[in-house]
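Chemist: Given next are the chains, with one letter for each unit.
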Amino acid sequence: MKITFDEEKCCGAGQCVLVAPEVFDQDDDGIVVLLNPSPSDDLREAVEEAAAVCPANVIHVE
Amino acid sequence: MLSKPVSPLPAEPPRGCPFSPPPQYAVLRVEEPVSRVSLPDGSWAWLITRYEDVRAVLSDPRFSSDSAAPGFPRSGMVTAGEAGSLIRTDPPEHTRRRRMLTPHVTVKSVSALRPRIQEITDELCDAMEAEREAAGSPGYVDLVRSLALPLPSSVISLLLGVPDEDHDVFQSITATVMSRVNAEEERTAARARLLTYLRELVAGKERNPGDDILSGLIHDRMGAGELTHDEVVGTAALLLVAGHETTANMIGLGALTLLRYPHAAEELRKDPSLMPGAVEELLRFHSVTRSGPRRAATADVEVGGQVIKAGEGIICALASANRDPEVFPDPDGFDPRRANSQRHVAFGYGVHQCLGQALARAELQISLNTLLRRFPELRLAVEFEDVPFRSDMLVYGCHALPVTW
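Protein chains in written order, with UniProt numbering: chain W, 1 to 62; chain D, 1 to 405.
Only chain D is shown next, with the shape it has when bound in the complex (with noise of 0.2 Å):
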């Protein structure tokens, strides 16, 4: 079956709504589910958007993540760590080299650093506290600088064994990767000093074990011969940038959404037991990864109706799966009590599942409860329409999000 020569999308259409996906998703679904779409270097790739068929993808071995793989979809844009890197390799290795992060990262692991990432964000609070105070009035302060990046900048640096009189600075440089009001070039220049840092860390921790991932990876593999300093280093600017950027705006959209429905903030800060669900359906609701999944075929393969060619690419819209009526009701309403919201591919899909989940699920849960019981008088500071969305970023949320209470 041929394809509709359809005038292709871009692979990454603006949203409208802040809290919606790209309105032209719903309209996909119903009358296109795999449609083309236009990549920045001129080459088309499939666009799957609903949520079945992007499980199917996702799910199936016959699409490679190995972006050297014939018709890979080319973004443009390459996240530091991601050539080359786990998230671009397919099993077996993908599999032997994942296997060497998942302990760190397991349900249990993560439920042992709880104590720890609720004492950061104790902290960090006590800082809102006291620099609202000294704002005086009227005075706001920024919940993404005082809490939204630095918490999960702080627990990156606990895990990859950063140290302590380096917090600062570690954070300040992945402060400047993140954010939009530096110009391109300063992004890219802090993106090297970020890479030459972590080539020390490493080496350094090569002389000196500690008890982090890292020195496990250093002590366990690459003495073994497993990994090479360099793929060491790309592990660790890979789990800095994935568990980075994507909690950081979740936590800010999270703070956002729970002023914007406060019905919601009263009956979670009542029964703080309801916060893993509300999680669940904050991570379905916001998507916060606007360039989806990309894959290449390795062979021809249907979905949902349409031949993909082996050799072509396909880009999975995961904040269309996760707003998809046919898997759940209402998808454009944020329902902290949605049954099914775990359903959610915000994480993706497949063995490339997000590996940081747990890590993820438990800086959004503790950072909100604890937002929600400390500050019940939170609001914004600014109009809703004034908030400064990253429209122009790879991942979703807010530059700034002033607040007062």
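For reference, chain W alone in the conformation it holds in the complex (with noise of 0.2 Å):
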């Protein structure tokens, strides 16, 4: 599993953190950190549903 994301987009609404703890972040602006860029699969359900809520739609998962 692969995450990318834009930052530049990104607003900050945590959703991602709330969702997939192990994986997402925020640094101290709010903007997404990605703790673990290619998380192990059984947290793969957990990474797509952040990208379903991120309201930037800036969280892609390959």
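Simulated from the structure, these hints should not be mistaken for lab results.
Please note that the accuracy of each hint is not assured.
[Said to hold, decoys possible] Some but not every residue of chain D turned toward chain W, in silico, with C-beta under 8 Å:
#: 1; residue: R99
#: 2; residue: G350
#: 3; residue: Q353
For each residue, glycine too, the CB sits at the ideal point set by N, CA and C.
Put the two chains together into one complex, using the hints given.
Modeler: Here you go:
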């Protein structure tokens, strides 16, 4: 699983942090930070959910 | 494609059942998911009722949030602090201004606030207990006045750096702004007093900065010429109104819902770790912002099979999207264990999605968990039919919630 995101467009809502805290965090400005760019497959569901609820649609999962 | 000449609905039709959005939405989602609605000034806009279409509109930069854009749907009511504010700007200006505020409301900074939110909740519950005792038997406490309103009020006071000695006056002005009991002119006067108060608060912080959002904006942004005094005041008003009325009404409705679904309440009392999921479901179920996000098309865009032309207005019915059976099976049922409740759009969607959502979640989770724990015998002191619902306000909820135990 490969995760990419566009931090320029991140609006800092923090939904990804709530849904997949093992993978996503926010920096001090609220912008998305990737804790783990290629997490194990058991986290796939949570990561895909994080991408689905991201209001700025900036998280992409391959 | 031309729109069918339907007789237009009002943009915000009344609710039928107090716990359900307007019944017309279910019909529109099937028969005419992009429909014409009439606005108070006689113009019309497109009403979007399906979940996928609502998300598509709110995440599409071709739909502008700027109320000065041609065709922007006029609501007839302008919330204090709305005009020219963050919620009425588009990227890149919106991005720049929103990023000034996000550091204060990240998941992490709100987590750090949780102990303080719990303390405030405990103090308010102590006062509720004292009031109930003093009332004797039969007696009741108004949960809206004793907890649902003062909790967000205290928390926003904390964030804005309202000094302790001003809390009472600040809360009383805020309560007047929000109340239905007062005449419109009293509310308008209270709004003016609130703006005067906020102007003085900001001026005071320019002289004596503290450790709060406004002082941060003044120091970091006004100093650098990125914000004016008036823009800081406008931001304070927006944070106050947006972060206040919505949360207060969700706390009241949340408590009432748990009283109406005692099995769910019992489950949550036994296992408080279920509360975050239950709060997402409460947000989905109630969708308290009656006037959904408004946009103006800046290009011809097809939505749900209908071409929306540049210069036409759009209103997204969040309450309808949150009851869309394509996304939420048995959408009119309240299920605190619903697997995908976090997909709700109660906070909106797109780059304007509620800035204070982490704060709202924390206040709801803490207040409802504390109510369940401290008042296991909590019950309504009036018939459900006699609860005064805010069918007349932009933010749905209860005007009062008489409870006893």
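Chemist: For this structure, which hints from the list above don't hold up?
Modeler: Of the numbered hints given earlier, the structure breaks none, since each of them holds.
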